[in-house]
Amino acid sequence: MSAGQSPIVSIFDVTKDYSLGKVVVPALRGVDLKVFPGEFISIAGPSGSGKTTLLNLIGCVDTATAGVVSVAGQDTKKLTEKELTNLRLHTIGFIFQSFNLVSVLSVFQNVEFPLLLQRKLNKAERKDRVMQLLEQVGLAQHEKHRPNELSGGQRQRVAVARALVTRPQLVLADEPTANLDSVTGQHIIDLMKELNQKEGTTFIFSTHDAKVMNHANAVVRLADGKILDRVTSAEAQRAMAAGAEGH
Amino acid sequence: MFQLFLIAFRNLGTHRRRTLLLGGAIAGVTALLVILQGLSSGMQESMLRSATTLMTGHVNVGGFYKLAAGQSAPVVTSAPKVMELIHKEVPELDYAVQRGRGWAKVVSETGSVQAGIGGIDVSTETGFRKVLQIREGTLDGLNEPNTLLVFQQQAEKLGVKVGDTVTIVAPTMRGINNTVDVRVVAIAANVGMLSSFNVYVPSATLRSLYRLKDDTTGAIFLYLKDLKQVPAVQARLRQTLAAAGYELMDNDPRAFWMKFDTVNREAWTGQKLDITNWEDEISFVKWTVTALNILSGLLISILLVIICVGIMNTLWIAIRERTREIGTLRAIGMQRSRVVWMFLLEALTLGSLGTLVGAGLGLVVCTLVNAAQIAVPKVVAVFILSETLNLAVSPKVILGSMLFITACTTAISLIPSFLAARLKPVTAMHHIG
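From first to last, the protein sequence lines are chains V and U. Per our numbering, residue 2 is the first one in the first sequence, and the count goes up by one each step. Per our numbering, residue -9 is the first one in the second sequence, and the count goes up by one each step.
Keep in mind that the hints were calculated from the coordinates and are not lab data. Watch out, some of these pointers could steer you wrong.
[Stated by the list, open to error] To list a few chain U residues with every Cβ distance to chain V over 10 Å, as calculated:
id	residue
1	L(-4)
2	R0
3	G60
4	A86
5	V103
6	R125
7	A194
8	M239
9	E315
10	Q325
11	V359
[To be verified] What follows is a list of derived Cβ distance ranges for each label pair:
id	chain 1	residue 1	chain 2	residue 2	range
12	U	K276	V	Q119	57 to 63 Å
13	V	K227	U	G3	34 to 40 Å
14	V	K227	U	K414	54 to 60 Å
15	U	V366	V	R120	28 to 34 Å
16	U	K414	V	R120	21 to 27 Å
17	U	G390	V	E126	42 to 48 Å
18	U	K414	V	K79	47 to 53 Å
19	V	S152	U	K414	37 to 43 Å
20	U	V299	V	D210	44 to 50 Å
21	V	D210	U	G3	24 to 30 Å
C-beta: ideal position from N, C-alpha, C; glycine also.
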């Protein structure tokens, strides 16, 4: 976190409620958070603590019930649906727990898709960009494969490449290793970390895996829809260990 | 856009059974539409070919001559002068013929029929030979005076064959019955309704029966090089003939024999010309085409509704199955309009492929039916003016059918496509199902 920089994500007193019939379920309660460019932040907490909801609000795929969510200096509440979509397209990359690749497109086409939506690059430039990323994630040989011809780890690497292909300022990853074995999960986190350090891309990822959390510069701990604290990964590890002993 | 098309195309391939079922239904309806339109066009074609040769030209200069208020005859006096004017003023003309008109009783030893009598100069009637199929005798026999051409149906009713003599009885313009004995020289194949009330004799025979002058005829039939010129020629003739001093009847789009009552009620005497076109003269049989078109339209509409419901259902299922995909695509920055396009393209691709197959199928069926020369029941032949089934398919009809069905299936897919686009990314991404 640097003092002179503007935060890429700024959340102030955000509340998010879900209605289940007549019952209102609070998912986030008075959350404040600032994330600065280049950070590699983990959001940790037990299931139902509000990790995914927080990521959804930052990712502009959902709106807060109250409070202010600003991404790249823009108050998301003031943006139209079209502007929100453009903000997602040009500023944010997504990595999903279940990879969420388009099953009928090849690896290359999946990664290329956001570039086609952006309409900024010509065909040759797109090809260069996609192949460069596929090289980085080690899938250049699999460019013509369909997602169902790949392992879970390979699919998640395609998802990482797709999230990064537009060179976004911010990448959001919702439990990116949850559906992978520990070795593959470790590779994915290493890859994200490498890209964070090389490209300076901001990463925010949710996890409840201590090993994954270990790689983060900072860990934002959530419980019952509230931020408990923002600590270093070592502090988070210690707190988790103490919690485990207490039980 | 190519990527969206690719997604649409591959999704159709992924759900092969569903695509085949729905595509098959679309193909079936398209084939049916092509066949029904072929039938309708075939009927119109047969009607146009038969009727415009036997009963009317593309444009006709006919008229009535009245000796007294209630006595009218369907004749054109001083026909050569009118013919000269026509040749001068109608460059679109292919050829023109004079045709005598009358209504008489044909009596044989065993029976009689009431029929319209056409007086023809067979040597000038080029279209006549193309349309009529002579079953017995020869058309050239009509070059001799006091000869007669009848259709099979009439020949059976009269109990005559080629060489037999019959008597034609007709009232002249002055109200006196006159008769002429004629020899049957040709028996032609039936051409539906027209063969029940038309017989043909040489022009000279008709003139002697009605005691008409040599320069008098029933009407002048104009055959144009291009049918599209009919309205222009009709309008020009009205102007030119009026300017040349001829009295003209008001435009009345009916066959000449339906106008006797109206003409007889009017007070004028002398000659009045009447300019009509082929549609006016066969308006009394055209309802069959209209009826068929209405029936076809109804049938196609019902089938289209079924297909559209099928398309909508399929897209609902596709959208339900791909809700998470829609959510993902929206999350990574796809605008709502593109989601609409993605599903529209799927429907468009399915519609295009289905209609292409259907059009091909329809074309094959039509070709086979035409080649088989399938005989139709007599009652049907009366209305379609042909003894065999004729399905006329043109590229215009095929393309029109394809575009129409594709447009319908694509338009109906707008509803589920819009609803898919309206899904909130977060709701769509967490959809289970």
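Let me make sure I understand: some of the numbered hints might not hold for this structure. Which ones are they, in numerical order?
1, 2, 9, 10, 13, 14, 15, 18, 19, 21
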